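*Asks:* Here are the chains, one letter per residue:
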Amino acid sequence: MESAKVKMHKILEFQAVILAAGRGSRLPDVGGYVSKCLLPIGPYPVLWYSLNMLERIGFQETMVVVLDEDKSNILNALEGYPLKIKYELIVIPSDEDWGTANSLKHISSRVTTDLLVVSGDLITSINLNEVLNLHRKYDAALTTLFFNNGPEEWIELPGFKTKAKPDRDLVCIDKETQRLVFLASASDFEDNVTLPRILIKKFDSISIFSRLMDAHVYVMKNWVVDYIVESDKFTSVKGELIPYIVKKQLSKPKNALEKKGTSEKNIEVTKDIFDYAIENGYESRIRQMSAYNDHGFGGKGVYYNDTLRCYAHIPNKNIFGIRVNTLSSFYLCNNKILSKWEEITGSPLTERFHPNSVVKTKQIDDSSTVGDKTVISEKTSIKGCFIGANCTVENKVRLTNCVLMNNVTIKESCVLQDCVVYTGATIDTGCSMQFCLIGPHHVVPSLTTTNHQLHAETTDNMITLG
Amino acid sequence: MDINKENVVQAVVIMDTFNNNFHPISNNKPMGLLAVAGVHLIDFVLESLALGGVGETILFCCESGVKIKEHIKNCLERKSLWTLTMDVQVMMSDTCQTMGDVMRELDAAAIIRGNFILANVNSITNINFAALLDQHKQTCKKYKGAAMTLVYKKLSWEHPLISSDKPIFLAADANTKKVLIHQKYRPKSAEKTISIPLEITLHHSEVKLHHNLIDANIALCSPTVPPLFSDNFDFQTRDDFIHGILINEEILASSLYYTLLKPNQYAATITNWKTYQTICRDIMHMWVHPLSTETGSFEQSNYILLGNHNSRHKSAILNRSSKMLEDVLIGAGTCINDNTTLTKSVIGKKCVIGNHVTIENSHIMNNVVIKDYCKIVNSFIDDNSVIGDNSTLEGVILGANVSVEANSQLNGNVIENSDHDTDKKLLKSTSENSTEWENESSGYGDDEFIGFEKNWSDSESYYSSASSAESSLPNSPVPDDTNIFLQEVVDSLARGYDEKLKCDYLILEINSSRYAYNMQLHEVNFFVVKALLSIPVLSETNNVLGTVKDILKYFRPVLANYIKTKTSIMDCLKAVEDSCIKFAYLEDKCGQIVHLLYEADVVDEDSLLEWYDDLMESESVILKQPNLIKFFEWLQQASEESD
Chain A
0 MESAKVKMHK
10 ILEFQAVILA
20 AGRGSRLPDV
30 GGYVSKCLLP
40 IGPYPVLWYS
50 LNMLERIGFQ
60 ETMVVVLDED
70 KSNILNALEG
80 YPLKIKYELI
90 VIPSDEDWGT
100 ANSLKHISSR
110 VTTDLLVVSG
120 DLITSINLNE
130 VLNLHRKYDA
140 ALTTLFFNNG
150 PEEWIELPGF
160 KTKAKPDRDL
170 VCIDKETQRL
180 VFLASASDFE
190 DNVTLPRILI
200 KKFDSISIFS
210 RLMDAHVYVM
220 KNWVVDYIVE
230 SDKFTSVKGE
240 LIPYIVKKQL
250 SKPKNALEKK
260 GTSEKNIEVT
270 KDIFDYAIEN
280 GYESRIRQMS
290 AYNDHGFGGK
300 GVYYNDTLRC
310 YAHIPNKNIF
320 GIRVNTLSSF
330 YLCNNKILSK
340 WEEITGSPLT
350 ERFHPNSVVK
360 TKQIDDSSTV
370 GDKTVISEKT
380 SIKGCFIGAN
390 CTVENKVRLT
400 NCVLMNNVTI
410 KESCVLQDCV
420 VYTGATIDTG
430 CSMQFCLIGP
440 HHVVPSLTTT
450 NHQLHAETTD
460 NMITLG
Chain B
0 MDINKENVVQ
10 AVVIMDTFNN
20 NFHPISNNKP
30 MGLLAVAGVH
40 LIDFVLESLA
50 LGGVGETILF
60 CCESGVKIKE
70 HIKNCLERKS
80 LWTLTMDVQV
90 MMSDTCQTMG
100 DVMRELDAAA
110 IIRGNFILAN
120 VNSITNINFA
130 ALLDQHKQTC
140 KKYKGAAMTL
150 VYKKLSWEHP
160 LISSDKPIFL
170 AADANTKKVL
180 IHQKYRPKSA
190 EKTISIPLEI
200 TLHHSEVKLH
210 HNLIDANIAL
220 CSPTVPPLFS
230 DNFDFQTRDD
240 FIHGILINEE
250 ILASSLYYTL
260 LKPNQYAATI
270 TNWKTYQTIC
280 RDIMHMWVHP
290 LSTETGSFEQ
300 SNYILLGNHN
310 SRHKSAILNR
320 SSKMLEDVLI
330 GAGTCINDNT
340 TLTKSVIGKK
350 CVIGNHVTIE
360 NSHIMNNVVI
370 KDYCKIVNSF
380 IDDNSVIGDN
390 STLEGVILGA
400 NVSVEANSQL
410 NGNVIENSDH
420 DTDKKLLKST
430 SENSTEWENE
440 SSGYGDDEFI
450 GFEKNWSDSE
460 SYYSSASSAE
470 SSLPNSPVPD
480 DTNIFLQEVV
490 DSLARGYDEK
500 LKCDYLILEI
510 NSSRYAYNMQ
520 LHEVNFFVVK
530 ALLSIPVLSE
540 TNNVLGTVKD
550 ILKYFRPVLA
560 NYIKTKTSIM
570 DCLKAVEDSC
580 IKFAYLEDKC
590 GQIVHLLYEA
600 DVVDEDSLLE
610 WYDDLMESES
620 VILKQPNLIK
630 FFEWLQQASE
640 ESD
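Chains as they are written, first to last, in numbering that gives the first Met the number 0: chain A, 0 to 465; chain B, 0 to 642.
One should not assume that every hint holds.
As a list, the in silico DSBU-like pairs of lysine-lysine whose alpha-carbon atoms are at most 30 Å apart [claimed, not checked]:
#1 A:K246 / B:K177
#2 B:K177 / A:K316
#3 B:K176 / A:K246
#4 B:K153 / A:K200
#5 A:K339 / A:K85
#6 A:K104 / A:K251
#7 A:K174 / B:K183
#8 A:K246 / B:K565
#9 B:K349 / B:K313
#10 A:K174 / B:K565
#11 A:K200 / B:K313
#12 A:K174 / B:K177
#13 A:K246 / B:K313
If you want a taste of the chain A side facing chain B, the calculated C-beta under 7 Å gives, among others [unchecked claim]:
#14 L194
#15 I207
#16 S209
Keep in mind the hints are simulated off the structure, nothing from the lab.
Bear in mind that the values here come from a model prediction, so they are computed numbers and not experimental data.
Using N, Cα and C, we set each Cβ at its ideal position, and we do this for glycine too.
Take the sequences, apply the hints, and build the full model.
*Replies:* Next comes the structure, spelled out in structure tokens:
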């Protein structure tokens, strides 16, 4: 892996933080606690990919916000994997329900530059420099990243068949200037979406997108962090902070006179967002002197004279990007990871079988990986499976497109297809399972034959849904 | 049929605009013969079609077809450039009242062979029609049911062509260019938001939103368009058609697409005096190249350029002491005398302009005589008129053959020479319309070229500005949709009140008018209340308040149907405000009317107080009515007591 490394420039103007304290509320309840950031995608846990992505574009260190209870697990899990980037785990209490903005507030004292916020569940092949460059180019207050990968591919998922539709974002972007001008959730509206008319007058080539996927990658000016701390009214970055800033773009700062008027009355003046978005240098003068303009029509100055600007980057359609926050994305991602491996991680996958693993069978294909200290017996057939650490696969087992987490035991003569087996589960002899989820530390009795089931501790072993 | 004929590009030009925007000039002159920058509109249209690759054009005239035919004959004799490559056929029908009728007539005549171009006589453009039609054919191949491709030009929001016309809001699928929403706004509409059905945004991954478009009034049509008009007799205008297709897409199995013109292509429509002026200037500034001030004539290079966009015809005579500041065009044989100053104006052929005359922002047609010491600002003067010495004309529209006496002071008049006797007829006098014209005069201050037109199109935007609201009076000269709608509602209610009809039926009637004129809900609320307060009985009775009380009582169900929500209550109060300012018989009765509404539970206290705040903020003149102040004092007292 080292040989493939290209020399990177150190990035000094941005600090990075990975938010990995999510609880995976959109993932199915499999009875028992599963850390979302440690779900296996191919041979590595999800969090590794975010760290790797930052490392690849030249970050030498990053902060990672994690839940208190996950900290030791994460440290253990990441230990064995190839990573050069220094990461500092910052814990937030597990028993309190902190939002992402709370997390940013928590780390605010360490933030001295503009901040790159990355979600800990992102797996993508994009070069994040594209986003950073967009931020630099327009001197943005906030820059976001959306993937336009078309409708999510439909694949048959393990577990119950559900028809839950994911909530969609409505995103308005001006194609000419790449400004992000409107952001809301489709569920906020009933029949009609209401947009300010001035928006469509002001920007010339607005498109409203409904099928973009927010990568939850944000580049924000340093003052935005200060604003989060001092205004103290945001819980979630995605749900509250970003829509607020995007909306505020249309406002004008109150002029000094009005402010003076209120302060004279001895009313404490609350600072609004425009008091933070101050340009300190010569930016505005340079803009006045320059002939550059970011839009073609009309008599307005560059950036329509806005001081608060949000931008959105939409990469090419062939750039892979997915957030592992639902069962379908988890499963789809595992399905794709090996075929996109080099695009995503920037280096080939050299050892598919961990040096400490024992693989006795010859019937294991190139699209499978095996983790540390796992033992796979003879006479097994394994296709397209990711097998974690400390697993045992006994004789005469056939596994197709399965994900086995750590400490899993598959007893003799089992046939598993498209199943996800969580940590510590055991499947007794002679089972035949298709599209099933097996919860952590659950024991499936021998000779079970099922499909599309959830087998977990909290349930009465099995729930059947029509 | 000859094989070549199949490939000939066909165009249909509708020679009428079916509106009164150019009244009274359009009364005795077909729209096609209106001169823009010294050239007849029809010459521009034919030339642009010929240059755009059209091989066969059908001119459809509903009025004055004979004059057009004559003109075409002349063109053929003079061998205008287009005659080399294009066949022109003139169709006439006296029975057609709308664009829809024209399309039905065309369908019946069965002369359309395939895809065709539909243009209007007032479209000024230099686009390549044939290429656009090819593009439309591709669209038809790709998407079944593509009926029409609309042609738009993107401009800045601040552009005068957008602000002086009805702005269009268009939403379309970004990938297929299929039109999803098409909505026209009133000029200078104050609406703050735009609603888009959620379904539309969710069904299409990317929806383009356009608001800064001008409609070139050009459409590329599939052969299915004329039959669609025949099948749907309620399609009267192109907007009806667009609206109908968008609503009944499934039933009619048709859909609309749009295309945007390239930045180097020009397209605009002359819809009112304001756009007339803007486009005139664009032609003089050569934006529409190859169309120019010499379009239509066989000889070229007749004009001498004098700098600052001034040009004069070779045969024009300019006195040495006359001054031309900028953007002046002087036609053949015109004579400009001593110490005369011209700026931003077009002077036609064989005019005589006297000494010490000032002409600004004006359009003067042929054979006009302007005597000494006149001042002409923001005016349009048609053929053969004579202006006497020392007259001042501001914002005046003068029909053909009118003579203005010496020392006249005209401001904002529309004067036409009636056919029967040679006396001039004053269509509009300053006294009637003082407010409307006052509004214009404020536009003189800035040296914007469009100053003059500002005056004329304000009549369309009265909903947003109270000052120009005069035109909503029943005998308004420019009946736009809102006026007609208001009139219909007033008629319905008056009849209902006289004949004691059931309110349910009246609601039905109002609603059908609403859909016919595509009114927004809040406009309906506004106009229903306004209509209630303008029922003719009110202006006739001696006991106005008693009658108002009676009317409100009778129409309580109607009110209940429309005035339900908070916003509708505000609409209602706005209508009261508007009516009380405007109608003399309601003068100084605002307080009582509001009180009646309050007692009838139509409006609630909170809304009233909010409205009061709004009034204070906007410093409405209505606050000068003492009884209203009294009412609010009472209301506040009452509310304090109840607390």
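*Asks:* Of all the hints numbered above, which does this structure not satisfy? Sort the numbers upward.
*Replies:* Hint check: 10, 11, 13 fail, others pass.
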